[in-house]
Amino acid sequence: MQTNPVIKLDAIKKTYHTGEVDVQAVRGISLDIFPGEFVAIMGSSGSGKSTLMNMIGALDRPTGGHYWLDGIDVSTLNRDQLADVRNEKIGFVFQGFNLLSRTSALENVEMPMQYNRQRITAHEQVERAHHALELVGLGERAGHHPNQLSGGQQQRVAIARALVNRPALLLADEPTGNLDSQTSIEIMGVFQKLNEQGITIVMVTHELDVARFTKRMVILRDGRIVTDEAVANRSVAENELQRLRQEQQAVKLAS
Amino acid sequence: MRILASLKIAERALRRNKMRSLLTMLGVIIGVGAVIGAVSLTSGATKQVEDQVSNLGENVITVFSGNFTTGGMRGGWGSAPTLTLEDTAAIRGLPNVVGISPEVRDRAQVLANGLNWNTQVLGESPDYPQIRNWDIALGAMFSDADVRTLAKAAVIGKTVADQLFPNENPVGQTIRIRNLPFQIVGVLAAKGFNLFGQDQDDVVVVPYSSHMHRITTRTFVNSIQVQAANDKVISLVQQEITDLLLARHRSKEQDFTVRSQLELMQTVTATSRAMGFLLAGVAAVSLVVGGIGIMNIMLVSVTERTREIGIRMAVGARAADILVQFLIEAVTLSAIGGAIGIAGGIGFSKTVAYLKDMPTVTPILWIVIAVVSSAVIGIVSGFYPAWKASRLDPIEALRYE
Ligand SMILES: Nc1ncnc2c1ncn2[C@@H]1O[C@H](COP(=O)(O)OP(=O)(O)OP(=O)(O)O)[C@@H](O)[C@H]1O
Ligand SMILES: [Mg+2]
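Those protein sequence lines, which keep their order, are chains G and R.
Using my numbering, you'd call the opening residue of the first sequence number 1 and step up by one each time.
Using my numbering, you'd call the opening residue of the second sequence number 1 and step up by one each time.
For the record, the hints were derived by calculation from the structure and aren't laboratory data.
The structure presented is a predicted model; accordingly, all values stated were derived computationally and were not measured.
For each residue, glycine too, the CB sits at the ideal point set by N, CA and C.
Watch out, some of these pointers could steer you wrong.
[Unchecked claim] To spell it out: a stretch of chain G is covered by chain R in this simulated footprint if at least three of its residues, at any positions, have a beta carbon under 8 Å from a beta carbon of chain R; those stretches are:
1) 51-65
2) 95-109
[Stated by the list, open to error] To give an idea of the interface, some chain G residues facing chain R are shown, with a C-beta separation under 7 Å as derived from the structure:
3) W68
4) D80
5) A83
6) R86
7) N87
8) F92
9) P112
10) Q114
Chain G extracted, bound-state conformation (with noise of 0.2 Å):
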């Protein structure tokens, strides 16, 4: 490929200095991640999945090894710099939501706005947020508060959330793991529909099936990279879908 990635990683390493032993959480990772790759990461509990992600995100900082986003040496950069990076060059969606509570979805997905750098009128957040909100299919909850809201909305919200700023990168971690089969197909179907309209996206999942509608797959052992492949049955979510609702439609007529 001739475009320079948007994720150059060079011989990662975290380590957690708590009490007497240190935890070797990522242990040297090296990974090229390219524009409008969607890739999966995934590995047993405690491989460091979250560790890299956070990395990756700019929320941490590596104990060795470099970092470059868009060209950015990552590692360099100071408290505000990060924040400036995660403001505008990534969209960061939690395994637990992380929505603000007793706050309306619409003020959840404007909140990023509020903090870039470059000004957004008061006027433009509101459209900014009720368009995001409409990308993932929640236009007419705007004003929902997030306990008002299923689990698969709230990730919606936090989805929208993360896209509001426009990035070039969307992170989630473990976008899928509080929620059932067919929310996270359907969460999957959003990120398959906005990987095709140009997003890179890096996901965190331990499950296979929700690996499947990713185009790329990196596996992690004990803080290394084992495996690193393209996916090959690439799942569709709409045909998915399809089928559970067969299946559900089958359960019913047998009972």
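Got chain G; can you put chain R with the ligands on it based on the hints?
Leaving out everything else, chain R with the ligands in the frame of chain G:
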């Protein structure tokens, strides 16, 4: 980040915990309210006293017989027989003296119109209304000629006029003082109560000569009221009077007392200044207590909202954004507290003033001080919690349960 957006976040956060916000503000509310209320009332009282002091007349020096400072003579102000009409004449000759009136006082039963009334009868010179800055409402003051001829002329106060001549013009009528008929030549304008709560209008003024020869038989006067040319020469004139009388009386001990209205005024202002310092101390203490309350709650709030802080940082809030957000929240708390306190304090003092019929002065300076100090309190007490919030690590904050 925009201040407006921060204000919105702060407003929402405070509204989410209405009761707690209110309780947090209580310290500032009570502190500011108490100070504003107390200052309104005391400065109202001070102003009243000042008005009354200036009501005594302009640039007035009073010479009392007797010495205020020697124990043995105490209680003898104005009654010790030391001041004479000759003293008065001598003082009149001093430069910078523009008016003088020897004063003799007595209480007497007065009769007119078939009604009688017990009142104060003063012997004064025709300078008296000018010295006391007291207008004649009807008629005129008696003259120097009246003094020379021991005329039976009288000027009466408003209260006496109301008592004895309920529905008529007293001027030209006769009033009997100790059974002597005096002709009323004038009625003094209403002056109200003095510093000691006495009705100044309950008075009959006659020429001092008539008083000393006809009503009583006295050779000494109670006091001498002297009017200086202007406020700059008051102390000078006071000194000259002292020197003159010391020389005239040839006594070892000073048997008279010279007091100026200026000194009275200074006493009053000194008292009110002391009161001001006291209030400022109370204010400072209660605002510090209020500030500690705000700091406490802000610390609780930062801990409670650790996750929110983490989320905001994760989507790009800089440390400064978080700092400003919590600072604004603290300042909003104390500013609203201050505003409620000011309104409450004014309301309280107005209510008391209304019920007790007292004057109040809305203390603009103190309101400004209250506004500024509650803003400062907000910033100072909010800074540490806000700084703590801004130093949080995004990952750890997000992980906080
Ligand atoms: N803040 C921390 N302090 C100390 N050790 C940590 C910390 N965070 C993670 N670790 C350790 O680092 C290793 C990797 O953790 P990480 O959260 O990245 O795993 P993971 O692959 O995301 O697992 P899971 O699938 O359960 O989410 C684990 O052994 C974990 O105990
Ligand atoms: Mg994890």
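Hints, verified against the model:
Here the stretch 51-65 of chain G counts 4 residues with a CB under 8 Å from a CB of chain R, which clears the bar of 3, and the coverage holds. With 5 residues having a Cβ less than 8 Å from any Cβ of chain R, the stretch 95-109 of chain G passes the three-residue criterion, so the hint holds. The beta carbon of W68/G comes no nearer than 19 Å to any beta carbon in chain R, farther than 7 Å, and the hint placing it at the interface is violated. Taking 7 Å as the C-beta cut-off, the interface hint given for D80/G holds, the closest approach to chain R being about 5 Å.
For A83/G, the interface hint holds, since its Cβ comes within 7 Å of a Cβ in chain R; the closest pair sits about 5 Å apart. Restraint check, R86/G versus chain R: the minimum CB separation of about 5 Å is within 7 Å; hint holds. Look at N87/G: its Cβ gets to within about 2 Å of chain R, closer than 7 Å, so that hint holds up. For the restraint placing F92/G at the interface with chain R, the shortest Cβ-Cβ distance is roughly 6 Å, inside the 7 Å limit, so the hint holds.
For P112/G, the interface hint holds, the least distance from its beta-carbon to any beta-carbon of chain R being 4 Å, beneath 7 Å. Taking 7 Å as the C-beta cut-off, the interface hint given for Q114/G holds, the closest approach to chain R being about 5 Å.
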